[in-house]
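Line by line, the protein sequences are chains R and Y.
If you're matching positions, the first sequence starts at 1 in our numbering and goes up one per residue.
If you're matching positions, the second sequence starts at 431 in our numbering and goes up one per residue.
Be aware that a few hints might be false.
[Stated by the list, open to error] Part of the chain Y face toward chain R, derived, beta carbon under 8 angstroms:
#, residue
1, Gly459
2, Thr465
3, Trp503
4, Ala504
5, Glu565
Bear in mind the hints are in silico, worked out from the structure with no lab data behind them.
Computed from a prediction, not measured in an experiment: that's the story for all the values here.
Each residue gets a CB set at the ideal place from its N, CA and C atoms; glycine is no exception.
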Amino acid sequence: MEAILAFGLLIGLILGGMWVQFAVAGAGLTYIWLLKGFGGWKALGIVSWGAANSFTLAAIPLFVLMAEILLGSGLSTRLYNGVAPFMRRLPGGLLHTNIAGSGIFAAISGGSAPTAAAMSTVALPELSARGYNRRLVAGSLAAGGTLGILIPPSITMIIYATFTETSIARLFAAGLVPGILLALCYMGFIIARVLINPSLAPKLETRASAGDLGRALLDIVPFLMLITIVLGSIYGGFATPTEAGAVGTVGAILIAAIYRKLSLKLIKDALARTASMSGNILFVVFTSMIFAYATALSGIGEELVGTLENAQVSRLTFLLIIMVVFAILGCFMEGLGMIAIIVPVIFPALVALGVDPIWFGVFVVILVELGQLTPPLGVILFVVASSSSEVNVEDVIMGTLPFFIIIVAFMLLLIAVPQIALFLPEFTFG
Amino acid sequence: MLTGAVLVSLVVLVCVEAFLRGAFNYSLGFAEELTGYCVVFITFFGAALALRGSAMFQVHFLMDRWSAPTRRWATRIFVIIALVICVILAWKAKDLTLSSFARGKFAPTVLRTPLWVPQLIPPLGFAVLGFFLVEQFLLTFRKSGDKS
């Protein structure tokens, strides 16, 4: 009963328009009060200090800063132009650049919104002017943007790891192969769509010369080096994700300097945006820890295990239920909050059903991706739509629909073949 | 400005630690501790910046359908609830700080930082958040302002 009241209050406050962080804190405080009275708040000081004082969470502002420096310096244009010559001959031409460019930017950015913004601002005006179908352009950009949280580094994975005490490095390794495969699925779909209906994309006949490819490669190389340093240092065990984030930030500053984009204004703006964005994310984590403390006090996780055992719910059924729950919640809840609220409740059940927590981390991140594409709260839809006057939100939603179906199909594949996610962490870390 | 300085310190501190550990197998011994304090600072003061810049996560789709007066009233109610939450959490954080001060607790690290010093950040952070919430409340009385 207390749980229903607390979750009801949480959803009511969020839907009503209250700031998500305060809604979570308010619901958490109410939940504790319902369970233990005012005496339950006694430990809040130490709980909240423990929640905020974290070395691991320092990776979040560092990865945000790294992406903000690259985004603010306008280097996404260079990345886009660098990828384009390698993709243009495929059926669908530059639409593949949206996916591949997003994939590369995802590997230097921890979030989906910066990834979608980086590619959309460059690609939307360019591709619309060249006669590409604008819904397909918008859909490919939104779908590409979702790779931001799946391909490491990923802020969503860091938060999942914080609440489940799983290894961030293993999670980062687990997200890489599914991220690349999902990008290939998107590209396969674009090829199929354009082969069926060639009017969706102009055919580019001109072959890029060796010189063009060489110059394009020079545009991508710094980004690839940054990816190698950041991910290589984590996978190689040389650095923690937090250290990799700091080194990556310095790398991003160096790249901006190499391309003569570095200025005091760039750094100041990047710092200001990072402070606000990181505070926003970290405060969600902080308030969610209070809610997680309440759910731990209530024992709802253990109750859920008992209920599932009594009902003899299989692993597959449970995962399908989770998919439905996240799909519904994703319509009106922000992804990070969703993980921070739901995962602590269902985690004991996952362990009882023998679900690998690393695999589930990837699964849940893809679920958050779906939420980011679901109206009315789908953040990526709005990022893409606001990037250019050429498209409106309806265009983006319609364009995203087939990619949404691809993601759902990919999740079912991930359930059937968990090794897609587990192969690399097992290979890398044993 | 101060939050930006903390961010820069965070980058420098973690980079120096990573370099020293990687190159000379030497650790500063206090990087992890100070990094944690930086995170606490960014959590509260970054959130205050997000609140002031209207960037704090909010679901608008229902609110946008309401009339301007209804929206203003809803915002006022939400601000009051948020202020109550801030006061409760600030109070509890203050209790922890005073307890650490009274018991003379210090961090079990090379710096042996008196814990009440970094533990001042959450109550101060909640105070700043509360200040900006009051600002949001006052903004709802602006005639032309419909910032919420």
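Alanine 504/Y was flagged as interface toward chain R. Is the shortest Cβ-Cβ separation under 8 angstroms? holds (6 angstroms)
Is the hint on glutamate 565/Y kept, meaning its closest Cβ partner in chain R is under 8 angstroms away? Glutamate 565/Y check fails; min Cβ-Cβ to chain R is 14 angstroms, beyond 8 angstroms.
Given threonine 465/Y was flagged as interface, is its beta-carbon under 8 angstroms from a beta-carbon of chain R? holds (5 angstroms)
May I ask you to test the interface hint for glycine 459/Y with respect to chain R, counting a Cβ-Cβ separation under 8 angstroms as satisfied? This interface hint is violated because 13 angstroms lies over the 8 angstroms limit.
For the hint on tryptophan 503/Y, just tell me whether its beta-carbon gets within less than 8 angstroms of chain R. violated (11 angstroms)
Hints 1, 3, 5, counting from the list given before, are not met by this structure.
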